[in-house]
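Protein chains: 2
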Amino acid sequence: MKTTQEILQDARAAKPRAAALSTKEKNTLLLAMADALVKNTEAILAANAADLDAARGEIAPVMLDRLALNEARVAAMADGLRAVAALGDPVGEVLGETVRPNGLRIQKVRVPMGVVAIIYESRPNVTADAAALCLKSGNVCVLRGGREAIRSNTAIVAALRDGLSACDAPETLINLVEDTSRASASELMTARGLVDLLIPRGGKGLIRACVENAKVPCIETGTGICHIYVDAAADPAMALAIVDNAKTSRPSVCNAAEVCLVHQSIAGAFLPALARRLDEKHVELRLDPRAAAIIPGTPAGPEDFDTEFLDYILAVKVVDSVEDAMRHIAAHSTGHSEAIVTEDEAAAAAFCRDVDSAAVYVNASTRFTDGGEFGLGCEMGISTQKLGARGPMGLAELTSYQYIIRGSGQVR
Amino acid sequence: MKTTQEILQDARAAKPRAAALSTKEKNTLLLAMADALVKNTEAILAANAADLDAARGEIAPVMLDRLALNEARVAAMADGLRAVAALGDPVGEVLGETVRPNGLRIQKVRVPMGVVAIIYESRPNVTADAAALCLKSGNVCVLRGGREAIRSNTAIVAALRDGLSACDAPETLINLVEDTSRASASELMTARGLVDLLIPRGGKGLIRACVENAKVPCIETGTGICHIYVDAAADPAMALAIVDNAKTSRPSVCNAAEVCLVHQSIAGAFLPALARRLDEKHVELRLDPRAAAIIPGTPAGPEDFDTEFLDYILAVKVVDSVEDAMRHIAAHSTGHSEAIVTEDEAAAAAFCRDVDSAAVYVNASTRFTDGGEFGLGCEMGISTQKLGARGPMGLAELTSYQYIIRGSGQVR
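Protein chains in written order, with numbering that gives the first Met the number 0: chain Z, 0 to 411; chain V, 0 to 411.
Careful, some of the hints might be misleading.
Interface residues of chain V toward chain Z, partial, derived using beta-carbon atoms under 8 Å [unchecked claim]:
1) 4
2) 8
3) 9
4) 103
5) 208
6) 214
7) 239
8) 240
9) 357
10) 390
11) 406
Stretch-level coverage of chain Z by chain V, calculated; a stretch enters the list once three of its residues show a Cβ under 8 Å from a Cβ in chain V [unchecked claim]:
12) 103 to 112
13) 168 to 180
14) 360 to 366
15) 394 to 402
These are computed hints drawn from the structure, not numbers from a lab.
Ideal placement from N, C-alpha and C gives every residue a C-beta, glycine not left out.
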């Protein structure tokens with residue numbers, strides 16, 4: 000087994016090769032990788048079965064389901080690779096060009112980041128998705144998945160590398176850290192000069208560990224305490240449908256709503272309707288005192304407004320105004336996605352102007368914050384920070400830029 | 000004296016106000032700040048004289064010169080503010096817009112970063128420049144200058160705030176940390192949720208401290224170990240002029256060259272000419288063994304190829320090929336600016352493709368890496384990292400973006 004340092008050195012050495020691949024070469028590799036995944040289905044499923052055997056009783060059933068692969072899921076991974084092949088290539092795009100009075104021609108050109116390290120948790124399909132997005136954006140990936148998926152991830156990367164080898168491309172374009180200890184994660188976080196971008200994908204604990212310990216450039220992803228504010232001027236039926244959808248269509252994802260703020264002037268009419276609607280879906284309501292005076296539910300503790308439940312739980316609070324709602328959001332949001340439901344254009348405009356989150360919605364569900372829904376194609380995650388990429392991270396968000404300046408002997 | 004935490008809270012509270020300022024309002028403020036600087040020249044020069052008195056004997060003469068202000072320098076600072084007023088406003092620019100098949104209208108809009116903290120060293124003009132760039136880009140600045148300039152910086156910020164007050168704008172749009180201890184720098188580096196972007200401007204020690212300790216998003220700036228590679232196919236006269244200019248026109252700045260790499264096939268002819276030319280400018284050459292076999296000079300220690308001299312010193316090495324030169328650059332560069340001098344288009348193309356620095360030059364001096372020279376206007380510094388801004392940081396490089404999504408009740 001290679002050490003993490005050896006893997007990082009391999010990745011660094013592969014950077015120029017990855018950056019120089021033409022669009023056609025990258026697409027050929029992605030299609031070959033897709034074919035290799037399908038061809039190796041049996042080996043991948045056997046490895047996955049071993050992972051599942053080892054994990055049973057160790058992790059929650061919902062996590063077991065995320066870990067589990069079958070023939071259809073492997074085929075879906077392969078289709079994901081083919082979809083990335085069909086996307087445009089961001090590398091080499093000229094973002095700006097100017098000829099200066101002294102004759103210097105300055106081009107601003109999109110370039111790969113270099114080595115992108117991804118630390119993620121149990122879902123093995125992330126392995127194929129991340130490898131594909133990195134390859135298409137000219138990056139070399141260093142994948143460090145979770146302990147419970149290590150056999151599956153090893154088999155998937157072996158298949159992807161089969162695809163690379165079939166096209167005579169170096170295997171080190173795609174790298175897996177087989178050591179799943181905390182130490183290997185720390186090594187990636189501190190590999191100055193070797194890791195150009197670190198993307199942690201996972202829960203609050205992982206993100207916090209990266210923020211606390213990372214000495215390499217890092218993009219925080221995926222923690223979403225998303226708010227829906229139901230304004231005094233909301234269409235009540237629309238508000239009900241949006242809150243219901245944002246909470247219950249897929250509670251385990253980061254763009255699901257965790258908090259509903261309701262304007263006091265409509266709380267008396269809206270909250271009973273909301274309680275009825277969400278009771279049908281078995282959603283537990285955690286209520287601030289003013290909401291609790293109107294509908295039954297669990298009294299909210301203060302931590303309930305700072306928790307990403309990822310479950311059938313919704314915190315509910317009555318607010319005095321759109322400003323009051325925005326103050327609450329500023330204090331409690333993770334900067335992912337927030338929505339206002341209103342027919343009042345002034346309230347909508349204030350909300351869009353002052354809410355400082357990656358995605359701000361007027362009259363739509365927060366569940367749309369997603370690379371595919373935004374038309375960016377497959378994504379690496381949702382950035383909740385403002386430096387570098389923000390919101391859904393597609394191919395362009397995995398790149399940097401560089402100035403290329405051509406002269407004829409100019410000096411200053 | 001306010002604590003750093005109190006200042007950060009003030010800054011955070013001022014964010015919505017800064018972000019909502021119109022272009023016209025910002026320009027009015029900048030012009031009022033410029034006038035206030037000029038009006039307060041006497042107070043600023045008195046404070047500066049006190050700084051100089053305290054610093055004499057404590058810091059090197061070159062640093063004293065950087066610290067010193069006079070009437071002309073204050074007027075130049077005011078002109079700098081007026082120049083920023085004349086630049087375009089990046090905030091609100093629509094970077095992309097799409098209407099999805101489901102009718103959602105998604106706009107990608109440029110927004111301020113929020114609170115930008117800048118840690119810098121002795122030059123007091125940075126105080127006015129940084130305040131102006133942050134204000135124009137809709138950000139609230141928290142300025143933390145060096146100990147030896149504290150009286151000057153305090154007087155400058157008092158003048159800038161006079162300008163704000165004259166227009167009834169809150170003083171907390173511009174904030175100065177008066178505590179110049181290491182503790183205040185550490186507080187800025189770790190102020191999660193309060194500082195949206197940290198920009199260290201200064202020497203290697205400061206940058207390293209930020210990289211090691213920062214838990215807020217940070218852009219490294221200004222460390223430049225810049226290389227000039229003189230190719231086999233170089234025009235020797237052009238190469239001499241470029242190396243001379245890049246080394247000696249202003250050795251103390253980050254875009255000055257520190258290393259010259261020379262192709263072995265022309266080293267015998269080129270190096271004696273280079274030695275003669277630079278001897279006239281009193282440049283000390285630090286030579287690798289192959290260069291030392293051709294011209295006289297100091298034998299280079301290995302650290303000489305990893306040192307930002309910022310002085311009349313040039314490290315010189317003979318290389319075998321453009322690939323050899325690029326390997327050396329990949330191993331030793333800080334990612335700032337590198338140049339190739341060549342008439343060979345293939346060598347130039349390889350250099351542009353494979354050198355991973357913010358600015359890559361063909362047949363021009365590295366000294367052009369500068370916001371003004373690139374046509375970006377005044378700049379906050381030169382980023383040497385790939386996440387977020389890269390190269391010269393003008394107004395646009397102090398912004399982020401946000402997705403604004405408008406619907407009519409869409410759910411997923």
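Taking the hints in turn, this is what the structure says about them:
Nearest Cβ of chain Z to the Cβ of residue 4(V): about 16 Å, over the 8 Å cut. The hint is violated. Because the closest C-beta pair between residue 8(V) and chain Z is about 12 Å apart, greater than 8 Å, the hint is violated. About 15 Å separates the beta-carbon of residue 9(V) from the nearest beta-carbon of chain Z, more than 8 Å, and the hint is not met. Hint on residue 103(V) holds. Least Cβ distance to chain Z is approximately 6 Å, under the 8 Å limit.
Violation of the interface hint for residue 208(V) is found here, the shortest Cβ-Cβ separation to chain Z being roughly 12 Å, above the 8 Å cut-off. The criterion of a C-beta within 8 Å of any C-beta in chain Z is met by residue 214(V), whose closest approach is roughly 6 Å, and the hint holds. About 10 Å separates the beta-carbon of residue 239(V) from the nearest beta-carbon of chain Z, more than 8 Å, and the hint is not met. For residue 240(V), the shortest C-beta to C-beta distance to chain Z is roughly 6 Å, which falls under 8 Å, so the interface hint holds.
For the restraint placing residue 357(V) at the interface with chain Z, the shortest Cβ-Cβ distance is roughly 6 Å, inside the 8 Å limit, so the hint holds. Taking 8 Å as the C-beta contact cut-off toward chain Z, the hint placing residue 390(V) at the interface holds, the least distance being around 5 Å. At about 3 Å, the closest approach between the beta carbon of residue 406(V) and any beta carbon in chain Z falls short of 8 Å, and the interface hint on this residue holds. A count of 4 residues in the stretch 103 to 112 of chain Z with a Cβ less than 8 Å from any Cβ of chain V is obtained; the coverage claim is therefore met, three being the minimum.
Closer than 8 Å: that is the beta-carbon criterion, and the stretch 168 to 180 of chain Z has 0 residues meeting it against chain V, so the requirement of 3 is violated. Using a Cβ-Cβ cut-off of 8 Å, 6 residues of the stretch 360 to 366 of chain Z lie near chain V, which meets the minimum of three, so the contact claim holds. Residues of the stretch 394 to 402 of chain Z lying with their CB closer than 8 Å to a CB of chain V number 4, which satisfies the three-residue condition for coverage.
In this structure, the hints that do not hold are numbers 1, 2, 3, 5, 7 and 13, in rising order.
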